[in-house]
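Visitor: For chain A, the structure is supplied; the task is to place chain B on it using the hints.
Chains as they are written, first to last, in the working numbering: chain A, 1 to 574; chain B, 1 to 574.
Mixed in with the good hints, there may be bad ones.
For chains that are exact copies, the list does not tell them apart, and a pair is met inside one copy or across any two.
Distance condition first, Cα-Cα at most 30 angstroms in a straight line; then the derived DSSO-like pairs of lysine-lysine [claimed, not checked]: (1) 75 to 552; (2) 525 to 75; (3) 397 to 425; (4) 552 to 527; (5) 212 to 242; (6) 527 to 94; (7) 480 to 527.
Hints listed in this document are in silico derivations from the structure and should not be mistaken for laboratory results.
There are 2 protein chains.
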Amino acid sequence: MSEKIVIVGAVAAGPKAACRARRLMPDAQITVVDQDDLISYGGCGIPYFVSGDVADEKELRSTTFNMVRDSYYFKQAKGFEVRTMTKALSIDLKQKLLHVEDLRTTEKDSISYDKLMLATGSRPNVLPIPGNDLDGIFTISSLHKAIAIKDCLAKGRVGKAVVIGGGAIGIEMAEAMADLWGAETTIVEFMPQILPRIVDQTLASMVEQHLKKNGVTVYTQETARKFERDDHGKVSKVITDKREIEADLVIMAVGVRPRGELAKNAGLLVSSHGGIVVNQRMQTSNPNIYAAGDCVETCNLISGKKAYAPMGSIANRQGRVVADNLACIPSTFNGVVGSFIMKVFDLSVGATGLSLDVAKAEGFDAISALCAQYDRAHFIPTKENMFLNMIVDRSDKRVLGLQGMGAMGDGLMARINAVAGLLEKKAVISDFSNLELPYAPPFSTAVDILNATANVADNTVSGRFRAIDVEDFVAWLDGKQSHPDWLAIDLRHPAEAAPFIEKFQDRWRHMPYDKFRDEYEQLPKDKMLILICNAGAKAYEVQCFLDSVNIKKTVVLPGGLNVIRNLGVDWWPS
Amino acid sequence: MSEKIVIVGAVAAGPKAACRARRLMPDAQITVVDQDDLISYGGCGIPYFVSGDVADEKELRSTTFNMVRDSYYFKQAKGFEVRTMTKALSIDLKQKLLHVEDLRTTEKDSISYDKLMLATGSRPNVLPIPGNDLDGIFTISSLHKAIAIKDCLAKGRVGKAVVIGGGAIGIEMAEAMADLWGAETTIVEFMPQILPRIVDQTLASMVEQHLKKNGVTVYTQETARKFERDDHGKVSKVITDKREIEADLVIMAVGVRPRGELAKNAGLLVSSHGGIVVNQRMQTSNPNIYAAGDCVETCNLISGKKAYAPMGSIANRQGRVVADNLACIPSTFNGVVGSFIMKVFDLSVGATGLSLDVAKAEGFDAISALCAQYDRAHFIPTKENMFLNMIVDRSDKRVLGLQGMGAMGDGLMARINAVAGLLEKKAVISDFSNLELPYAPPFSTAVDILNATANVADNTVSGRFRAIDVEDFVAWLDGKQSHPDWLAIDLRHPAEAAPFIEKFQDRWRHMPYDKFRDEYEQLPKDKMLILICNAGAKAYEVQCFLDSVNIKKTVVLPGGLNVIRNLGVDWWPS
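Just chain A, with the same shape it has in the complex:
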């Protein structure tokens, strides 16, 4: 008799597993159930639907050849049944039955399975504060919500919008509302930076500045306390610990958590965070039941700890592994490294592996190496500055992560891609110093910024490259943090240095890059010398030289003033 495969959930992991299982197991009976009527949609596309870049929600659930992925499509093209509006109620492990309810008719039914797959996804977190259920407050939890949000915007009802949560989805939604619809948009993030745990403070500050330039207000380290209503029961204000913000529409983008109840109620092992526990074959604690996608807990391949990675791309890869195992092909999904990319107006921001904060918290002897360089040959007119931050373990030179920011385009992704796969292979710094990235002037530089960043990491671990923390530097210059005795040594063109000298007087001195070997003796030996150029490389050259003449109280400003320029500091000479 043919095997009966039942799958709960028809968004990403579920359909992927069903499609491949159908191809691998032509005789299997495959049934997919989903409680929604809209299925198999690209949830990551929601911000682009809301912004208007994508005109119709159908595009998010269509194939590249414009067929809508509905029950008809899956039946006819893919060869399996999808029962929409069908809620999975419970699992009878002994009888191998899935109890379901048709939400249209309220009729109940049981589906017999030989193998069951849970792809029940996630649900968005909701802040437990007063007014959280008011009209006009949305989470990004389904296509229906997205349609409702866009409807509000399109009808001109949103003059002011507030996004709670400065993670990737919050930022994407803020851009969507501010850019095309012109809504006055504010992001409120309770951590001290946006994109917390994803990128480190300096990069986050640069992104924050870019958001501000593009008209989005950003408040960090600020907590929403309650929502106020207008006379019609609609949200009108967000009250934080610091201010009141008017709002016609609020988006809560404060993370998601796994939908593990169905599994938990059946007695399957579920983590304390609610994620279904699976092995590398994506099997739950019941060997006849698999799970994949946003509902499972996975493993971080760098820290070796349990992790949660609710991403459509991960769900698809896991879904394929489930199908393989259903068909007795012993595939494994070993875990995640945490690759990430996003568009923020004219920027791209991305990361893979651990940020410095996370790496330290996970017990690594971690340092970071920040590098600023052109993304392609400097004589190519379309060149732009790129910033990479490599996180390495000082003790064994293992590379733990890479984060970066560049112009919008695929250049930053190219560097993230180069690192993602190697992290898992426990690559060390020299793997990246010598990494053979392809080179031609319209694409990269002979020493690619990724090679250069690895070289900075190498020089940092060896103690040759000694940098000041960018945050400390800014705090000194802001006057927010006092440092006994520092002197900035500006190695740039005299014309570039002049306004800084005027601003900072005897704290800022110019020393021409082609004269420092002649003029270094004029430098004071008692002060901390901050060596400053545009990108960091010239400053490092000078640091090496000064070391050789025994002037060792020096630090390089890593990434140079290219970094500071993008932070939007108050003291930047105009």
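Guide: What follows is chain B alone, placed relative to chain A:
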């Protein structure tokens, strides 16, 4: 006493090694000699200088902060001496002396060394045919030649240009001359395809077609026999085995070979191809002499065989390794995988690792998996088709190479980058199926084309995905190669299929993708069915289904008609 380091060659590897050696060894005496007056230039930028994108040759030898890298710069900023116009004549191994000649004064001199580094570069091949020394025939061997070529173009002397050699440099030069200067440009390549040994025939044909669309004539499998002169001794024609081509200017871009004479004459080990033999520490057969860059032989990390990789990016990485070893840091340069990227008008073309032809020639049980897919989410307006070809060893599933073509931009490089480092780690197909590339709709797709290509490779190795060779398919339809009995099954929209049915009559049949499970019984069982869609995925779905109903005489057209469309076949219905 301080160590004396002497370096021969001041273009790429030489200056890189000298700069880092200076930083690592503050007390060393470092002297670089070069027989040219123009040094430290980005040779890979020459096509962009000739095209006019780069206005002044000085930009090719300037830093990002606009200092020209001349002897003054190296002395003042980098702290070592460069003697230009100084030719290295011979090495006295016993006395540890480099004998040199000042080409300005013809004065001879000897420089004493403790450690010597050879970075003598390469010289271009010259076709040994009559007229090869005529005025107007150039190789791309130095900045001086590039200046001379641009001078000819700028003075309007080049109505017709011929490039001998369809490798990367030949194509870049053809674009440079055709695009901005409007020269009627012809490429003559003696192999059956352009970019031989770099990409396989199908990709090469697509690139060839793109060149033709942009006005460049391409003749493959055609050999230049001689050059004819006009009355002024200038080249006027290229005579090939097939035709005469008028030419005001000829560029010979037929490869380069190492300049190994200095090493060879000193008794150092030099390969039969002329490359200086070095170990992984970049040491020659004399432990006091290092070598790096275009003058050395290296190792192919995939084939395990000796290789030659004359690239500026490789030279820089090797130069750094030399400096480390001079400073007693035991760095190694293990070899190359052959990463490559180039712009061809509106396309990017790239590769890493072995092409199918090369892999087979090297004894691998190699197959290729061709995949066509959008580079980003299909609902993002800027999406474009991308083509990837993954080469794998059937016996152990090791990935041997990746080649591809995409729109101009960094998207293709992003996929090449993702593969380059993993090739060296002996990654297998499943490493790429699960490779955690970052995903957001403006950058990629949930199942990235690289993941998808690995999936095609997996399905190919397992025998589930059975493809027709694209070249065979084209030959059948051209009528150039007869096949007993084939029938094309077109799975696209009826409107897309109609002109093909009209053209090929009973050889071409439409079967709607949402009806094949109902209608398959109408298919003839005696014919070879070629399953055709736009990208290959639908055809694979149908192949799996037909297998399950025991119709197994089927082949998928890999990459679908998206590939064929770009080949510019004569029979494409208009």
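Visitor: Of the numbered hints stated previously, which ones are contradicted by the structure, given in increasing order?
Guide: Violated: hint 6 alone.
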